[in-house]
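Undergrad: So the chains spell out like this:
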Amino acid sequence: MRLPRHLPGRARSRAAIVPAVVVALGLAACTSGGDGAPDERSPTTSPPPVTSAESYVFTDAAGIEARLTLRGEGAELTVRNDSGGVLPKPGLFVLDARDGVRTTWRVLDAAPVPDGERASFEVERSLVPEARHIGLVVLLLGGEDFGAFVPPQPGDGA
Amino acid sequence: MRLRWLALALAALVVAAPTVALTQEQGLEQRLMEAACSAPGELLIRTWRGHRADRSGDLELLTAEPDFVGHGGLPHSGPWDYVGMVPLFWYGPGFIRAQGEVGRPVTLADVAPTQGELVGLPFDAPDGAPLVEALEPGAGRPKLVVVVVWDGAGRDVLAAWPKAWPELRSMIDQGTWFERAEVGSSPPSTAQIHATIGTGAFSRNHGLVAHTLRIGDRLTDPWESGSRYLTAATFADLYDRHEGNRPIVGTLATVAIQLGMMSHGSLWGGGDRDIAVLREREGAATLGAEGITWNLTSNVAPYYRLPAYVNDLPPITDYFDEADRQDGRSDGRWHEVQLDDASAEEALLTPARIPFQTRLIEEVVDREGFGEDDVPDLLYVNYKLIDEIGHKFSMNSAPMRDAIEAQDAELPALVDLLNEHVGEGNWVMALTADHGHTPDPAVSGASVISPPAVAEAIQSRFDTDDDDARIVEFTQPTHVFVDLDEMGQNGATLDEIASYLLTVTKGEVDGGQYPVSPDAADEPAFLAVYPSSMLEDLPCLQGKIPDHGSKGLVAPDQG
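Those protein sequence lines, which keep their order, are chains L and Z. Note that the first sequence covers residues 1 to 158 in this note's numbering. Note that the second sequence covers residues 1 to 559 in this note's numbering.
Where hints are given, some of them may not hold.
Derived Cβ-Cβ restraints for the label pairs, each shown as a range [what the hints assert, rightly or not]:
#, chain 1, residue 1, chain 2, residue 2, range
1, L, Ser120, Z, Glu34, 46 to 52 Å
2, Z, Glu101, L, Ser120, 56 to 62 Å
3, Z, Thr503, L, Pro114, 40 to 46 Å
4, Z, Tyr309, L, Asp115, 45 to 51 Å
Beyond 12 Å from chain Z on every Cβ pair, some chain L residues (computed) [said to hold, decoys possible]:
#, residue
5, Gly72
6, Glu73
7, Thr78
8, Arg80
9, Ser83
10, Gly84
11, Ala97
12, Arg98
13, Arg102
14, Pro114
15, Glu117
16, Glu122
17, Leu127
18, Gly143
To give a feel for the contact side, a few chain L residues facing chain Z, derived at Cβ under 10 Å [said to hold, decoys possible]:
#, residue
19, Glu65
20, Asp96
21, Val137
Bear in mind the hints are in silico, worked out from the structure with no lab data behind them. Only a predicted model underlies this, so the values are computations on that prediction, with no experimental measurement involved. For glycine and all other residues, C-beta sits at the position ideal for the given N, C-alpha and C.
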């Protein structure tokens, strides 16, 4: 694994952190479909917002798969590493859907994930944003931004 | 006694050795910083705004203007004014002041916060602020705000052909024209600057740093995974959700890398699938590769909505007569393109694509109901002919003149259709460009540095371990991506590579496509080369970055 490059360290963040209550596995698959086919409908109004996304999926061409499941006031992060190298310890931040403000979610006892293995971590969520106000959840590895998780999509039944 | 002296001398050497080594290292770093700081400050600030340690290249390359690093088609990548200064014109009777030129320096990060003021949802953008001097005090909300990008039509391009855009020029006094607008960051190319328009943030904060960026160990493109690498909010993300997804939000453009000016679509929590109509080839080898059918590629299709009717509109071939006449001769040709025999793809290099796209805009505005109710809608448009011509023929070519003329001539048609469908006095338009273009080296006298030649110079000097791995992963016009592990295995450092590149001559990295003149062959190829991580510490930037930089950095600090 390449050495992590350091990131600029300033960020707007919200202070209140709530200890997580973490439960077991049992993650729901929730990536969306969408085949690129034209939408036959041309509605003049949009469907209502998704307000109850509880499970997010991250996949990566390098062979990284992560799932984040919100549980109570905490969350669980599971990382599966088939990248061929050790993954640096994971982290998370979220963007508030209402104003875009970034908040760090603390991954407890974050540790590197060896190649070919899967690891689960408890996550401390902040009070703000609440689950219904999450805009993006972003995966960090070794402090580097690997991009956003995919939430359930409208029509997924989330 | 002599032995004692010898022992003391040896001990002194041992103690001194690390100090000497450290001093040499510091001296090397000092020289690289001095070279960097010999560049004009605004170039460094733009570079700093465009850099992210986790995603950008490892070495910064800077040539002395007009020289540039490029290979293949002419690039538009670097911190210079000629690629970074752009038109920014706001028009909207009743909402936008009719005052002509405004001299205050502004950036494209100011576009989104200005949209926020117009529609009544203030947007605290990371790097931008509302252009309040453009706004009529006390005006209500327009029914529609349109952002129009003339891709590649920077100020230098327009200045090269001052008579080619009479329509836009005639409108300046009817709106607010920001005379000193720039994109704000470097390198300026389509993905990152469209994202700046959408997020009010520079690349440093929105994460799309270039058309090749690093995600972990991989080099990839910024929209490989749809909008997942754009890790900052766009204004449309916030506004659409705030209004319960009642606003109609759409982009009518060409390729996915332009979607950053709009939204994440339904990837954003509570967001819906905003309208997106593109023509990108699925799986194309290069970014910006266009197809002829309106579509969404599979990486973006889940998050946006492509209306079904868009491919029922007249094909581009229906506009060949118009293109034929545009260069002043009805001879079945537009410059090199024989229109009678043109494939649809060739037709995309002619003005036929402009009315073809405007017809799409009219249909979508009408059928989707943009501007029909009192909830302001957001429409984003990218016209790409000028950029294509700049890459293919250069900004100094006759096709560029005609491309600008054709684009400009379409402006009244766009205004008319908005007046017809939304109503006169009900809408606002911001017209801008995402970058300029590089002058033809034959015109500018530039020496052109070859990226592959730079890579090979590094390889031959430093990569001596005879394994298959290469120190240089990729060379862009402004960056070198380095495999740090392989570099370390060869006992090299970024400082040493940078220091070496400062000694390389233009003749040594001449790719042959634009041969370096014999007179310039022995001149240094670069004005500055330095490890990107040095940007934060450049003494010439200290005290300047906060004034010109970001209000809220989003890069994480968790390891």
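Undergrad: Work down the list of hints and note, for each, if the structure agrees.
TA: Right, here's what the structure says about each hint:
Remark: the range hint 46 to 52 Å for L:Ser120 to Z:Glu34 is upheld by a beta-carbon distance near 50 Å. A C-beta distance of roughly 60 Å is found between Z:Glu101 and L:Ser120, which places it inside the suggested range of 56 to 62 Å. In this structure the supplied range 40 to 46 Å holds for Z:Thr503 paired with L:Pro114, their Cβ-Cβ distance being about 43 Å. In this structure, Z:Tyr309 and L:Asp115 meet the distance hint of 45 to 51 Å, their C-beta atoms being roughly 49 Å apart.
Distance check on L:Gly72: its Cβ is at least 19 Å (rounded) from any Cβ of chain Z, clearing the 12 Å threshold; non-interface status holds. The Cβ of L:Glu73 lies farther than 12 Å from every Cβ of chain Z, with a closest approach of about 18 Å, so its non-interface assignment holds. At roughly 18 Å, the least C-beta separation between L:Thr78 and chain Z is larger than 12 Å, which holds for a residue marked as non-interface. At roughly 15 Å from the closest C-beta of chain Z, the C-beta of L:Arg80 stays outside 12 Å, upholding its exclusion from the interface.
Non-interface call for L:Ser83 relative to chain Z: violated, since the shortest CB-CB distance, roughly 8 Å, does not exceed 12 Å. A beta-carbon of chain Z comes within 12 Å of the beta-carbon of L:Gly84; the shortest separation is about 9 Å. L:Ala97, annotated as away from the interface, has a beta carbon of chain Z within 12 Å; the closest lies near 4 Å. The beta carbon of L:Arg98 sits about 7 Å from the closest Cβ of chain Z, which is not more than 12 Å, so the claim that it is off the interface is violated.
A cut-off of 12 Å between C-beta atoms contradicts the statement that L:Arg102 is not in contact with chain Z; the least separation is 5 Å. Annotated as non-interface, L:Pro114 keeps its C-beta farther than 12 Å from every C-beta of chain Z; the closest such distance is 16 Å. For L:Glu117, the requirement that its beta carbon stay farther than 12 Å from each beta carbon of chain Z is met, with the minimum near 17 Å. Against chain Z, the non-interface label of L:Glu122 holds: every CB pair exceeds 12 Å, the least being about 15 Å.
Distance to chain Z confirms L:Leu127 as a non-interface residue, since its nearest Cβ pair spans about 17 Å, more than 12 Å. Not every Cβ of chain Z is farther than 12 Å from the Cβ of L:Gly143; the closest lies at roughly 4 Å, contradicting the non-interface assignment. Look at L:Glu65: its Cβ only gets to about 13 Å from chain Z, farther than 10 Å, so that hint breaks. For the restraint placing L:Asp96 at the interface with chain Z, the shortest Cβ-Cβ distance is roughly 8 Å, inside the 10 Å limit, so the hint holds.
Here the hint on L:Val137 is kept, as its CB sits about 8 Å from the closest CB of chain Z, short of 10 Å.
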